[in-house]
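Engineer: Please take these sequences and the hints and turn them into a complete structure.
When we follow my numbering, the leftmost residue of the sequence shown carries the number 1, and every step to the right adds one.
Accuracy of the hints is not assured; some may be wrong.
Using 20 Å as the maximum straight-line C-alpha spacing, the simulated DMTMM-like pairs for lysine to aspartate or glutamate come out as follows [claimed, not checked]:
#1 Lys67 / Glu57
#2 Lys67 / Asp50
#3 Lys67 / Glu154
Hints were generated in silico from the structure; no laboratory data involved.
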Amino acid sequence: MRRRPVRLLPPVLVALLLCASAVPAAAAADDRPWSAAPAPAGTEAPGPDDRASFYLEGAPGTVFTDKLSVVNPADRERSFTLRGAGPWISPARQQVRVPARTRANVPLRVTVPGDAEPGDHPGAVVVSAEGREVRVRLALRVSGAPALPALAVENVRVGGAGVGAGGGAVIRYTLVNRGNRALTPRLALRADGVFGTVLRRAVADPPGELAPGRVVRRVERWPDAPRLDSVTVRVTAVAEGGVRAGGSGSYTPVRWVGPVGGGVVLVLAGGAVVLVRRFGQRRGAGGDA
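Structural biologist: If you want it as structure tokens, here you go:
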């Protein structure tokens, strides 16, 4: 029995196959996502027990210093861009190159003016690289005045959405933070008419945190608005600490109520004319007798 000789692969081909198998692993290592967070107190990389955001509090004229940690777990160097989003935030460097498998602690400074308004001044440190952006929240509270949280719901207007927008109605209103504390309100809608409550629901996408003085204009779709009933629509905002505000507006589906109301008026007017004529005819007949 003859045995076929076993052919060995050339060394060059073996090397190429080994390199090809190593490429996906290397690419996966290079694609490991980078991160940014407030620098931890020790020398280790940021962990789950470290700060998720910056929190600073002080009087007007205070200068705060802190550090932002940018972690690069990949097997190659990366370049990052840093900027401050919000008042008085200044990173020490706007461009940072972080070597492979290491991190860089970038100093930053927050300079509060001497005439700064007491209250909350939220901001962020924004880090971007390779088409990705991370915002590290920075909450700054300037002392010097008691906490005065206040919300307002203004300019509530309700109108038809139109056939092109799918019909129904549109609720427009303005949400204003009139206090000196940042608030994260929850919103609810309610409408009551002749036939009872026709709308009662929470707003699914609230606006998030409102800084003091911030004004947000909102639009809520109401696809199943009543076609005949005239209603009062109320928008309610509730935030932490028992802060509450509300505003209302009226809605009458003119496109439907107008023709219906006009038809009713015409019917009543026609009936009145008929009654008057009949009454006159009866009086005339009685006089002739």
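Engineer: Need the list of violated hint numbers for this structure, in ascending order.
Structural biologist: 3
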